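*Asks:* Add 1 to the 1-based position in the sequence shown for the working numbering, that's all there is to it.
Hints are computed from structural coordinates only; laboratory data are not their basis. Quantities reported herein were computed from a predicted structural model and do not represent experimental measurements. The C-beta atom is built at its ideal place from N, Cα and C for all residues, glycine as well. Take these hints with a grain of salt, some might be off.
For each label pair, taking beta carbons as the anchor points, the in silico distance ranges come out as [unchecked claim]:
no., residue 1, residue 2, range
1, C194, G19, 42 to 48 angstroms
2, R105, Q24, 18 to 24 angstroms
3, R220, P195, 16 to 22 angstroms
4, P223, D101, 35 to 41 angstroms
5, P14, H87, 35 to 41 angstroms
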Amino acid sequence: MATHQAFRFFDLPPELRGAILTQLLVSDFSIILHNTTFFTPPPLSGTACFMNVFLVNMQMYQEASAVFYSQNRFTLNAQSHRLPVHLTSRGGFLSEEGQDARRRVRSLTLHLTRVGGEFERVLGPALADMVLSGSLRDIRIRLGAPSWRGANRMPDPDMVQRPPFQALLRLLSDPYLESVELLAWKVHLTVFCPFHQKGTPSIKTDTESIDDQGLAILRNGPDWVILDWRSMVDVYGTGQQIVRIGERSY
2 MATHQAFRFF DLPPELRGAI LTQLLVSDFS IILHNTTFFT PPPLSGTACF MNVFLVNMQM
62 YQEASAVFYS QNRFTLNAQS HRLPVHLTSR GGFLSEEGQD ARRRVRSLTL HLTRVGGEFE
122 RVLGPALADM VLSGSLRDIR IRLGAPSWRG ANRMPDPDMV QRPPFQALLR LLSDPYLESV
182 ELLAWKVHLT VFCPFHQKGT PSIKTDTESI DDQGLAILRN GPDWVILDWR SMVDVYGTGQ
242 QIVRIGERSY
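Kindly generate the complete structure, drawing on both the sequences and the hints.
*Replies:* Here's what the structure looks like:
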């Protein structure tokens, strides 16, 4: 009768342990932090559930969570009018208890339909903290079609000057971020039209029209339009910008 001998995982060199954990815990797809019908959360590459790996013991948690948070891309869906309760309630990703986990995320995609008060009060400060006190270095923000479309309302022409949008511009220009991308859905506010990034495939001036609600509609082009956020910061940014220590000239 064959005997089974336990495999001593932690006897392996750290490099091999890291390679194994990468195979188990790093997904080819983004990890969805808020699941709705808009998203289909894909399985991790491999058969292990990351929570089972985390719960082996403290050493495993430290090594596995370092791989999980730093090498995966995470997606936060904030497209609803209000942030989902499970994100802000006790233990949620945006809660005080979730701060340690948030600060370990390196790459994040954020979906928004509006940059409003909740961005200024909750999302903006949390993301800024993830950069300043954490590991966030790669951020991609996708601005979906305005949620009020069809409600007989017109765009706010002063939106870009209001505190929530200014908080977004400050976040995008944070010098500690290494990769920043801002995109708008093909139906978007006209304030974004001058900032279509040059070189975006299939964008021509005659393919964009303005509807009766003052929204730009891109036809025969890509679903998502890359925006030149640096030019947007130069044009609309106000107040004090974040700088690295030693970079300011007086």
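*Asks:* Next, verify each hint and record whether it holds.
*Replies:* So, going through the hints one by one against the coordinates:
no.	hint	result
1	C194 x G19: 42 to 48 angstroms	holds (46 angstroms)
2	R105 x Q24: 18 to 24 angstroms	holds (20 angstroms)
3	R220 x P195: 16 to 22 angstroms	holds (18 angstroms)
4	P223 x D101: 35 to 41 angstroms	holds (38 angstroms)
5	P14 x H87: 35 to 41 angstroms	holds (39 angstroms)
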